[in-house]
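Novice: Chains as they are written, first to last, in the working numbering: chain A, 67 to 300; chain B, 67 to 300.
One or more hints might be untrue.
[To be verified] Every beta carbon over 12 Å from chain B, so not counted as near; a handful from chain A, in silico: (1) Asp69; (2) Gly92; (3) Arg229; (4) Ser236; (5) Ile255; (6) Ala279; (7) Tyr295; (8) His298; (9) Ala299.
[Stated by the list, open to error] Derived list of chain A stretches under chain B, where covered just means 3 residues or more per stretch with a C-beta under 8 Å from a C-beta of chain B: (10) 131-137; (11) 177-185; (12) 200-207.
By construction, these hints were calculated from the structure, which means they are not laboratory data. Fair warning: this is a prediction, and the values are worked out from it, not measured in the lab. Think of the CB as a built atom: it goes at the ideal place given N, C-alpha and C, for glycine as much as any other residue.
There are 2 protein chains.
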Amino acid sequence: MPDPAVVLVSGGLDSATVLAIARAGGFECNALSFRYGQRHVHELTCARAVAQQLGAQRHVVVDFDLRTFGGSALTADIEVPKDRPVDEMAHGIPSTYVPARNTIFLSFALAWAETLDAQDVFIGVNALDYSGYPDCRPEYIAAFEAMANLATRASVEGRTRLRIHTPLISLTKARIIRRGAELGVDYAITSSCYDTLPDGAPCLRCDSCALRAKGFAEAGVVDPLLVRYGLHAR
Amino acid sequence: MPDPAVVLVSGGLDSATVLAIARAGGFECNALSFRYGQRHVHELTCARAVAQQLGAQRHVVVDFDLRTFGGSALTADIEVPKDRPVDEMAHGIPSTYVPARNTIFLSFALAWAETLDAQDVFIGVNALDYSGYPDCRPEYIAAFEAMANLATRASVEGRTRLRIHTPLISLTKARIIRRGAELGVDYAITSSCYDTLPDGAPCLRCDSCALRAKGFAEAGVVDPLLVRYGLHAR
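Isolated chain A, as found in the complex (with noise of 0.2 Å):
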C-alpha cells in the first residue's frame, strides 16, 4: 500500500506541480485547500480540478476567515499592486504577504497528518520568486519541521516522523514548468493570479501573473492559461 501523504494544493502553477511530483514519489495524496477570505478565491475551483485530474485521493477544503486579521493586500482591503517589474518583486515583502499563512497552512497539515498517521507533507514554497518572503525560506520550513516533531502524539510515541517536502524550494519558475510539463500536469486549470476576472481569467497585471509569464517566457512554452481564455501574453 502507498504511504500516505498530505499535499497543500492552492489551485495554482506550483502546487499542481508539487502534487504531480508526489504522484510520482508513490504516495497516496490528500490533498489539502484552503478558503481563508482570500480575494481570488476562483484557485479553489482549480484546487479541485488539479486534484482531480492529477489523482489525489481525496481534496479537503478547510474553511476559515483570516480577513478577520487582515494586514494583507490578498485578505484586507488594500488594492493588489500591478505592473511592477519583476525585478523590484525581489526586494521586501510585498503587500499580496499574508502574516503566518504557511504557518497556518502546515498547522492543518500536520493534524491532518497525525490522524491519517502520513508521515509526508509537501508544500510549494519557492525561495526564488520573492526572496523576501519570510514563510518560504528553507530555515523556516527546518523551523516548521523541528516543531512538528515534538508537536504531535505520533510523532512523541515515536510512530511517524514528519517530513516537509520543498520539491520547488530552489527552482526557478521555468525549471517548475518544465519538470511538471514532464509529469503531465495541465496548467491551463491552473490559476496563479492574485485578482482573477469574473470569469476566472487572470489580470495578467499582478506580481503572480508577471512571474508566471516570465516562467513561461523562459521555458519556452506558451501558457495554456491564456490559450483557454484567449488571451496574448503582455
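Dock chain B against chain A, hints included.
Specialist: Leaving out everything else, chain B in the frame of chain A:
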C-alpha cells in the same frame, strides 16, 4: 501606551487565569478563541464572559472545523472518558487529545500578533495535568517560538521578537486557582468540562472536571461553578 499581547482564551479555568496574569503584567490583551467543532462549544460563551470581565481589549473567535480530520474524542464520534482516577491521566495521551490543536491555535495567534505588531502571546498550557500531552511541554513551546521567529515579516524585519508566555506551565492546578483568586478571577464564569450538560453545567465525570475538582480541593476553596449550578463536589 501598553504593549499589545494576544492571549488564547478557551473559557476554561487555566486561560482565564492567564488572561488575568497578562493584564496584571500591564498588557493590552487581545483575546483569541476558536470554534473548531468541539463538543464542549459552551466554553465559548464562557470565553466571551471571561474576556469581558477581565478587561480584554477585544475578543475574536476564529471558526474552522477540525471534525473534518477527526481523531479526537472532542471532535469525533468517540466517547469522552468518564470516571477515571486522576492518577491514571498522567499515563499516556487520552482520547481527548486533539491532533495538532495547540499548533493550529498558536499559528492563528502568530498571525494576529503580526497584524497587531505584538511581541507577546500568552497560552495556558500546563505540563503537569496531562504529562503526556505533547503540545503542552516546554520543549514544544520553545520550538514553536523558534519557528515563529523565522516565520513572519515582522520578525524578519527585526520589528518584533515573538515570545510565547506560558505562566502556568509548571504550576499545580491548586496553585493556578490560588493565583487566579488573588487576581480576582471569577471561576464561576469559566467552564472546564469536556461534556457539559445542555444548561452549561459540568458533567463532573470527565478528566477535565476531575482535575478541576482536585485543584479546588487542594487549594481549599469551593468551586464557585458548583455553587452557581447548585452542585456538590463528587
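Novice: Compare the structure with each hint and give your call.
Specialist: Hints and how they fare:
A cut-off of 12 Å between C-beta atoms confirms that Asp69 of chain A is not in contact with chain B; the least separation is 18 Å. Taking the minimum C-beta to C-beta distance to chain B, about 23 Å, the non-interface status of Gly92 of chain A holds against the 12 Å cut. Separation of Arg229 of chain A from chain B is adequate, the least Cβ-Cβ distance of about 16 Å exceeding the 12 Å criterion. Residue placement check: Ser236 of chain A keeps its beta carbon more than 12 Å from all beta carbons of chain B (closest about 17 Å).
Against the 12 Å criterion, Ile255 of chain A stays outside the reach of chain B, whose nearest CB is about 24 Å from its own CB. With a least CB separation of 26 Å from chain B, Ala279 of chain A remains clear of the 12 Å interface cut-off, as annotated. Here Tyr295 of chain A stays apart from chain B, with its beta-carbon at least about 33 Å from theirs, past the 12 Å limit. Distance check for His298 of chain A against chain B: the nearest CB is about 35 Å away, which clears 12 Å, and the non-interface claim stands.
No beta-carbon of chain B comes within 12 Å of the beta-carbon of Ala299 of chain A; the shortest separation is about 31 Å. For the stretch 131-137 of chain A, the stated coverage by chain B is satisfied: 6 residues place a CB nearer than 8 Å to a CB of that chain, which reaches the threshold of 3. Using a Cβ-Cβ cut-off of 8 Å, 4 residues of the stretch 177-185 of chain A lie near chain B, which meets the minimum of three, so the contact claim holds. Evaluation of the coverage hint for the stretch 200-207 of chain A: fulfilled, as 5 residues show C-beta separations to chain B shorter than 8 Å, against a requirement of three.
The earlier numbered hints are all upheld by this structure, with none contradicted.
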